[in-house]
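Q: So the chains spell out like this:
2 protein chains.
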Amino acid sequence: MSVDESNNVHTRLQVHNCVVQPLLTDLYQITMAYAYWKSEKTSDTAVFDLFFRQNPFQGEFTIFGGLEECLRFLENFSYSDSDIEYLKTTLPPTIEQSFFGYLKELTAKDVKLYAIDEGSVVFPRVPLIRVEGPLIVVQLLETTLLTLVNFSSLMATNAARYRMAAGDNVSLLEFGLRRAQGPDGGLSASKYAYIGGFDGTSNLLAGKMFNIPVKGTHAHAYITSFSNPSELKNKTLVNLNNGKEQDLIDLTLSWRTTLSNLLHISESQASDGELAALVSFAIAFPEGFVALIDTYDVNKSGILNFCAVALALNDLGYKAIGVRIDSGDLAYLSNKSRETFVKVANEYNIPWFANLTIIASNDINEETIWSLNDQKHSIDCFGIGTHLVTCQRQPALGCVYKLVEVNGTPRIKLSQDGSKITMPGKKDAFRLYGADGFALIDLLKKSVEDPPVAKTKLLCRHPFDQKKRAFVVPSTIKPLYKIYWENGRIMQRLPDLSEVREHVKESLRSLRPDIKRNLNPTPYKVSVSDDLYEFMHELWMRNTPIGELS
Amino acid sequence: MSVDESNNVHTRLQVHNCVVQPLLTDLYQITMAYAYWKSEKTSDTAVFDLFFRQNPFQGEFTIFGGLEECLRFLENFSYSDSDIEYLKTTLPPTIEQSFFGYLKELTAKDVKLYAIDEGSVVFPRVPLIRVEGPLIVVQLLETTLLTLVNFSSLMATNAARYRMAAGDNVSLLEFGLRRAQGPDGGLSASKYAYIGGFDGTSNLLAGKMFNIPVKGTHAHAYITSFSNPSELKNKTLVNLNNGKEQDLIDLTLSWRTTLSNLLHISESQASDGELAALVSFAIAFPEGFVALIDTYDVNKSGILNFCAVALALNDLGYKAIGVRIDSGDLAYLSNKSRETFVKVANEYNIPWFANLTIIASNDINEETIWSLNDQKHSIDCFGIGTHLVTCQRQPALGCVYKLVEVNGTPRIKLSQDGSKITMPGKKDAFRLYGADGFALIDLLKKSVEDPPVAKTKLLCRHPFDQKKRAFVVPSTIKPLYKIYWENGRIMQRLPDLSEVREHVKESLRSLRPDIKRNLNPTPYKVSVSDDLYEFMHELWMRNTPIGELS
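Protein sequences, first through last, are from chains Z and W.
Take 101 as the starting number for the first sequence in our numbering and just add one per residue.
Take 101 as the starting number for the second sequence in our numbering and just add one per residue.
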């Protein structure tokens, strides 16, 4: 590749176009592939589990995202000629050349992928995805699958937590593109925030690509770019009641004088530049007027100017939408704004004015929302950026991809850190529900075992603690895995974004409230069958070095 | 857009291909553009400053990254027909249709962009980029420029901090793709980590696209996929001394028995699966043998197996590279490994064996490196993932894009939060250096002022605190801005990645050590000229509401 090509954004996204490429992986996946190939392991088969060990954000649940992207990746898994050329220059010269011919022919057609439905609530140690197939191919998928699942799931989980904090009656908008981790980080954030329960985004490209509602008003720069009403060239708006063009500036100024008395706000302190900006914006968007009111001072300027414009619009037959507050004490300023709207509504008998939308933004995170709830606020909509899209509280989910079986023989990775021990062998997962519809426990079984039967007594064991065990009699049982990829194609109808979003809501509803709460949530239990317990512990025992107290 | 198109990764990256598109922005940039257009402001001009208010990671410096990507974006700034179609369906139906014709014709040809060189050390409030041109166009660039600068600069800064912690004699590799914020987040991380001072990445696509060295060995799965040496089909390697194929397994097993006595490690506790895996890897990569040695137990198994394979390789004329340790007490295990290497080197008179490379990975962050330095370690190379690529300590940089001038008239945004007040008007920036070559202070002046002259007494004032002022007599002065974009084209030769990387090093060298230190660094001073000070404060005064105690 030429120097010219190697270092510009044009090339960068061109190479990254169309689909996630198989080279979006770690070198060691390829070096391992070569070592396996060299060891004549091309017909070996393997099973890998993709799972995480801990829920993010000190919570007790996670939303699974990114499955569709994994499947699209499998559809397109194939090394291009330029990939092969690059690998030839990058791997040591001692590599046998026929390996590259082997790589060139690889596809994912012999891979099987089982997964939990995208948008489901999931828990630590229950594999989200189980991948089976030729050892070399399934090993090559590791990094890319992790990349696609980790941030998607983290983001969807973060968004779902904000939704729970805000409740169902408040709108949530994602405003984070400018602070996201790169252009595509911003797109992923918009997509998975929507899946997790947000109502829209400000990101136009995300709107175009994923059909997500886009929302937004204007920025402080719009307000500060105006000095006073005399500079407005376009001052009129059609009166919907009589079809005549009317001067919106005059009408607004007259309303401002009237309101100044009603609201006890001195007109001389209100910014004329702000008024000019709001009038011009109202002329541009008479049906969708939302005003940023904190550029100068909400109480001394913004609220007065906004109400004057909104009442002038009302005279011409238009209903304003509301205001956005982007700084200051959001609880206080929103309550103050609401009081003002109610006062104006009552004074002029315009009932809808009392219910104008109040949007709050400015560095809001999950804790801010809980705190605003405690303080009592009058906010109808939060615009959330940095903390949401970068998952500031915990910017990475730790999914791992572990080998659990080779050629039908279970494999185990012991670790000096006990929490990192893997559960060997091919397993299936089930969710057990009580009569009230709430999920009781997840149960992992060896795939060769019979599936559990509802309304029977099932022994559920803690995977590591011999003493912890319980009998559960579930009302219903849901197998968690479906075959999503086999014979080179996607085996299930893939839901669209809004269906996944619905599934998130539904899946969260099946979780007891104490598991979802913000403070000290109850852990949801993940268990193993007695057979799986014995099988795992026997294997651990066999692999524990002599003389080791494990 | 059809449902089919709206929700898959194929479309997603296709739409996102080739170049960052102008729709990668916030809706409100477009609504403002319409409101300006409707207000007949198409010939208004404006100046925006792009700057941040606080250095990341509790440090006192930042590395500026992302400039080239901004310039590539300007080159390609143009709405496609499908963008316009999308906007027509998204904006309110009351929008005048001729606006879309106006949008379709927009380019960045009338924009001028001044910037500090990419890779420079930069400080709060000194604009990194100054954009001048038609108000509507420069406003439309806001979100995209911020997206491109924010994460790039954050990532380069983070990498530079890791480099300072590790010192110049330790290699640093970026291993973070799997935990990055999306596929492109991973690519950006690899690119800007390299610029910031890393030596390579494990990310193959980043290697291919940006010509960054790629490094990596194998994963635990490789080790656990082998059970014992008998399963190896390919056991031989050419002896470089005599050209004969020799059985590497036999040789390794014989060395293991010998070493077992020397090192007092029981052979029966060492894993035979690990030995088989390492031998097979050595057969595949005899010239580049790096072994992961913590799968089972570094002291009881990994180090013994590694040394046995490395000595067998040595018999055949190959030099092993080293080991990677991915868990446990990295200081202790690295020292223990080094002791072993030294012992073997002395025993068998193989001096290079003492200097085998020790790579450490496993959740390393900047603090871990400082702590390992304190403990004394024998690590030659760190592989760093999650904390680096997600900038876990602070996952977003807060660059903002503020209007400072409209039609030649300065603009200011006051704020109830004093730290958010902007510096109005068009400004130039200079870096003043002392005789020792260290940077003394940055100085902002109004662009209409004469530039400062070296070896003269210059009054440098604190931008906000009237009492803080100092006279500085700099030995040399560097103007910080160059014109990077004018008349629709890039005006400077753009350095390649390794040149930017060199510039980072050089720029950091010009900073006094106390400003760069990890703990309680000294703030670097940013000042304004007397003229600019008076100008700003006069303007603030004029814009402060009556009755306000500011």
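Misleading hints may appear alongside valid ones.
As the list makes no split between identical chains, a pair holds if one copy fits it or if it spans any two.
Said to hold, decoys possible - Calculated lysine to aspartate or glutamate pairs in the DMTMM-like style (CA-CA distance at most 20 Å, straight line): (1) Lys138 x Asp347; (2) Lys578 x Asp268; (3) Lys582 x Asp181; (4) Lys625 x Asp299; (5) Lys568 x Glu367; (6) Lys578 x Asp347; (7) Lys344 x Glu196; (8) Lys520 x Asp463; (9) Lys138 x Glu205; (10) Lys616 x Glu602.
FYI, nobody ran anything at the bench for these hints, they're computed from the structure.
As the structure is a prediction and not an experimental result, all values here were calculated from the model.
Q: Take the hints in turn and mark each one as holding or not.
A: Okay, the hints, checked on the actual structure:
1. Lys138 x Asp347: So lysine 138 and aspartate 347 pass the 20 Å test across copies only (15 Å; inside, 82 Å).
2. Lys578 x Asp268: Answer is neither; intra-copy 27 Å and inter-copy 56 Å both fail.
3. Lys582 x Asp181: neither (34 Å within a copy, 41 Å between copies)
4. Lys625 x Asp299: Neither. Shortest intra-copy (31 Å) and inter-copy (44 Å) distances fail the 20 Å Cα cut-off.
5. Lys568 x Glu367: neither (71 Å within a copy, 36 Å between copies)
6. Lys578 x Asp347: neither (65 Å within a copy, 53 Å between copies)
7. Lys344 x Glu196: For lysine 344 and glutamate 196, the Cα distance is within 20 Å only across copies (18 Å; inside one copy 82 Å).
8. Lys520 x Asp463: between (36 Å within a copy, 13 Å between copies)
9. Lys138 x Glu205: within (16 Å within a copy, 58 Å between copies)
10. Lys616 x Glu602: Intra 17 Å, inter 50 Å, cutoff 20 Å: intra-copy only.
Hint compliance for this structure: hints 2, 3, 4, 5, 6 are broken, all remaining hints hold.
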